[in-house]
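Protein chains: 2
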Amino acid sequence: MQILIIGAAGMVGRKLTNHLVAKGHLGDRTISRLTLHDVIDPGIVAEASFTVDTFASDFSDANETDKLLADRPDVIFHLAAIVSGEAEDDFDQGYRVNLTGTWNLFEKIRALNVQSGGAYRPRIVFTSSTGVFGAPYPCRINDEFIPAPLTSYGTQKAIGELLLADYTRKRFFDGIGIRLPTISVRPGKPNRAASGFFSSIIREPLVGQEAVLPVSEEVRHWHASPRQAVGFLIHAATIDGEAVGPRRTFSMPGVSCTVTEQIEALRRVAGNDVVRLVRREPDEKIARIVAGWPMDFDPRRALEFGFKAETTFDEIIRVHVEDELGGRAPTTL
Amino acid sequence: MQILIIGAAGMVGRKLTNHLVAKGHLGDRTISRLTLHDVIDPGIVAEASFTVDTFASDFSDANETDKLLADRPDVIFHLAAIVSGEAEDDFDQGYRVNLTGTWNLFEKIRALNVQSGGAYRPRIVFTSSTGVFGAPYPCRINDEFIPAPLTSYGTQKAIGELLLADYTRKRFFDGIGIRLPTISVRPGKPNRAASGFFSSIIREPLVGQEAVLPVSEEVRHWHASPRQAVGFLIHAATIDGEAVGPRRTFSMPGVSCTVTEQIEALRRVAGNDVVRLVRREPDEKIARIVAGWPMDFDPRRALEFGFKAETTFDEIIRVHVEDELGGRAPTTL
Chain Z
1 MQILIIGAAG
11 MVGRKLTNHL
21 VAKGHLGDRT
31 ISRLTLHDVI
41 DPGIVAEASF
51 TVDTFASDFS
61 DANETDKLLA
71 DRPDVIFHLA
81 AIVSGEAEDD
91 FDQGYRVNLT
101 GTWNLFEKIR
111 ALNVQSGGAY
121 RPRIVFTSST
131 GVFGAPYPCR
141 INDEFIPAPL
151 TSYGTQKAIG
161 ELLLADYTRK
171 RFFDGIGIRL
181 PTISVRPGKP
191 NRAASGFFSS
201 IIREPLVGQE
211 AVLPVSEEVR
221 HWHASPRQAV
231 GFLIHAATID
241 GEAVGPRRTF
251 SMPGVSCTVT
261 EQIEALRRVA
271 GNDVVRLVRR
281 EPDEKIARIV
291 AGWPMDFDPR
301 RALEFGFKAE
311 TTFDEIIRVH
321 VEDELGGRAP
331 TTL
Chain U
1001 MQILIIGAAG
1011 MVGRKLTNHL
1021 VAKGHLGDRT
1031 ISRLTLHDVI
1041 DPGIVAEASF
1051 TVDTFASDFS
1061 DANETDKLLA
1071 DRPDVIFHLA
1081 AIVSGEAEDD
1091 FDQGYRVNLT
1101 GTWNLFEKIR
1111 ALNVQSGGAY
1121 RPRIVFTSST
1131 GVFGAPYPCR
1141 INDEFIPAPL
1151 TSYGTQKAIG
1161 ELLLADYTRK
1171 RFFDGIGIRL
1181 PTISVRPGKP
1191 NRAASGFFSS
1201 IIREPLVGQE
1211 AVLPVSEEVR
1221 HWHASPRQAV
1231 GFLIHAATID
1241 GEAVGPRRTF
1251 SMPGVSCTVT
1261 EQIEALRRVA
1271 GNDVVRLVRR
1281 EPDEKIARIV
1291 AGWPMDFDPR
1301 RALEFGFKAE
1311 TTFDEIIRVH
1321 VEDELGGRAP
1331 TTL
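Residue numbers (our numbering), protein chains in the order written: chain Z, 1 to 333; chain U, 1001 to 1333.
This is chain Z alone, in the form it adopts within the complex:
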C-alpha cells in the first residue's frame, strides 16, 4: 500500500514516519511507498524497507496537490496546519492553508474518485483539534457538545470536519477526523506557545534544568503522549469506515489532570530533587489564554471504536522517558 503524509516535518509527522518505517506495514497491509510532504523538506529517512519520497512545497497551491496524489495513495494523513496562534495573527495565511489547502486536497481527491468511477476512494485521516470547541464548557465535553469555536484556527478545523463528513457521505473518499488532546510531553526545546509549559515543567526538570510554571497549580488540562498521538493516527487509518456512520470526527481519549497532579506524577517517576526545578512565576496573559481551554472530555465514541490513550500522567511521563531519554529518568541514573 502507498501512504502520503502531509505535514510530515512536524513533531507528530516525524514520529508517525518513524513508526511506519520501523513496522513496514499499516494494519495488515505491507507498505510499498511512503511520500512525505511539508512546506519545509521533511528530510531523509534511513533504512526503510520501501520507497520513501520526500518533497517540499506550498500545500495551499492547488497545482502542488496534484503531485501529491500522482501515485494515488491508499491512505493520506493530513497533518498540515497553520497553528492556532499564527492563524489568529495572520488571518489570510490561516484560511489559505487550513481551509483553502484542505478543501483543495479534498477536491482533488474527489476529481480522481469521479474520474475512476469511484474506484479510487482513499482513507483520509484528518487531524482536527479541541479548538473547534469554545467556552463556556461543561465539566466534561461529550460527543454531543456543540462546536462553536472562538478562534480562526478552531473555525478552520470545524469547517474541515464538515467537509470531511460531506465528502465521505458522498463516497468521494473515506474520511476519519481526530481531535487531538494537547500533546505532552512534547520533545525538543521550550517554545513560546501558551501551552508550552505543560510539557516544559516535565521535560526540563527531567534533564536537570529549571522550568517556569506561569499558571496556578489548580489549572486542569487534557493530555496525551506523542506516542499515543501516533497510535491514534494509525488506528484512524485502519478502522472500518462503514461502521463509523455519518459523524466522521472523534474527540480522542486522553488524561485530564491538574498541574498539581502533573507535578506529583513527576515526583513519583523522578523524585523530589527533580520537582524542585519547577519554578512558579505567574503570567497573567498565559493564565487568561489557558482559562479558555477545555479541561476534560468524555470521548465515548472514540473509546467504543477502539481508540486508546494513557490513563495516568505517570504513564505519559514514562513514555517520555522511554522514547526521548533512552528509558533513564534521573532517579534511575
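Keep in mind that the hints were calculated from the coordinates and are not lab data. Every residue, glycine too, gets a C-beta built ideally from N, C-alpha and C. Hints may contain errors.
To be clear about the criterion: a stretch of chain Z counts as covered by chain U if any three or more of its residues have a C-beta under 8 angstroms from a C-beta of chain U, and this derived list gives those stretches [said to hold, decoys possible]:
| no. | stretch |
| --- | --- |
| 1 | 141-147 |
| 2 | 160-172 |
| 3 | 292-300 |
Go by the hints and put chain U onto chain Z.
For chain U alone, kept in the frame of chain Z given last:
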C-alpha cells in the same frame, strides 16, 4: 441608509423588497437606496421613495461581488442559495454558490473593511437553515444541539455560519444568521419540493382546488409564515450586534404542529367543504425524506433577542388569507 438584497428574486426576497418599499425605512433609519440582485433579474419595483437598482449576475463570480458592494451598503441581506435538493444532486453547483459565493462575499467585505481602517463594517443578515442539523433529533432542538448536517446544503450552510461567526468576531463585519422554519403557506403554484405539500394542502383548498397529502397525518413539522420570515429578516437587520456575543446564528421561532393540526386549523378558518379537498395519496419516497426533518425547536435565544413568530397554525393560515387572498377565505366569501 443603503441596503443590498442578494437573492432578491426569490419568494422571501420579493416580500422583503415590498416591505422595505412600503415602509421607506429600516428600524429608525430612512432608506436612500436599495440594490436588488439575483441570478435572474429581480424585476422593476414601482413607486419606491428611494433609488432602486436591480441587476442580475452570477453571485459566485468574485468580480460580480465587487459591483454589489460598490455603494458600500449598510445592511446586506444574503438570501442567495442553491436549494437543498439541487445542492444534493449537483455537488459542484451547490458548493460553488453556497460556499464559494458566500465566502467570496465575506472576503470582499473584509477587504473593504480593512481598506477603510475598520470604518466600513456592515450588518450582514445570513439566511441559514434547519438543514444544518441531522437526525437523530431530540423531541425539541434547543440552541445547544450539535450541527451535524446530513446533506451538502446543510453542510454549506453550517460552514457559512462558522465563517459568519469568525469574520464577525474579527470585526470585519457584523453578522447575524437566522435558521428559517419551513415557510408556510408558500404562495404560488404547487412545486415538486418534498416539503411542498405542507403548503399545498392549505393553499389549494382555499381556492377550491384539490391537494394531495402524501404522508401520514401524524407527521409533525416546523412552520412560519412568509410574513414572519420578512419579520425575522428585518429584526435580524436591526438588533444590537454587540449584545449577541460570539454565537451569531439563531434558530428562529415557529409553530410545531402535525398535519392533523394543520387540517383542523384549516377547518376552523375555512370550513368543512374546504378540508374535503385534501386527498390522501401516500408516497413512500416523500414520507422517507420528511421523516429525516426536524419537528420542533426550543429557540430560546431567538425569543430572548426579540424574534417573534406565529403561535398557532390558525394564525399562519389567516396571514395567508390576508396577504395572498385579499383577506377573503371561502367561508367569508
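Cross-check of the supplied hints:
Coverage of a stretch by a chain is defined here by at least three residues with a beta carbon nearer than 8 angstroms to that chain's beta carbons; for the stretch 141-147 of chain Z and chain U the count is 4, and the condition holds. For the stretch 160-172 of chain Z, the stated coverage by chain U holds: 6 residues have a C-beta nearer than 8 angstroms to a C-beta of that chain, and at least 3 were required. Closer than 8 angstroms: that is the beta-carbon criterion, and the stretch 292-300 of chain Z has 0 residues meeting it against chain U, so the requirement of 3 is violated.
Of the hints listed earlier, the one the structure fails to meet is number 3.
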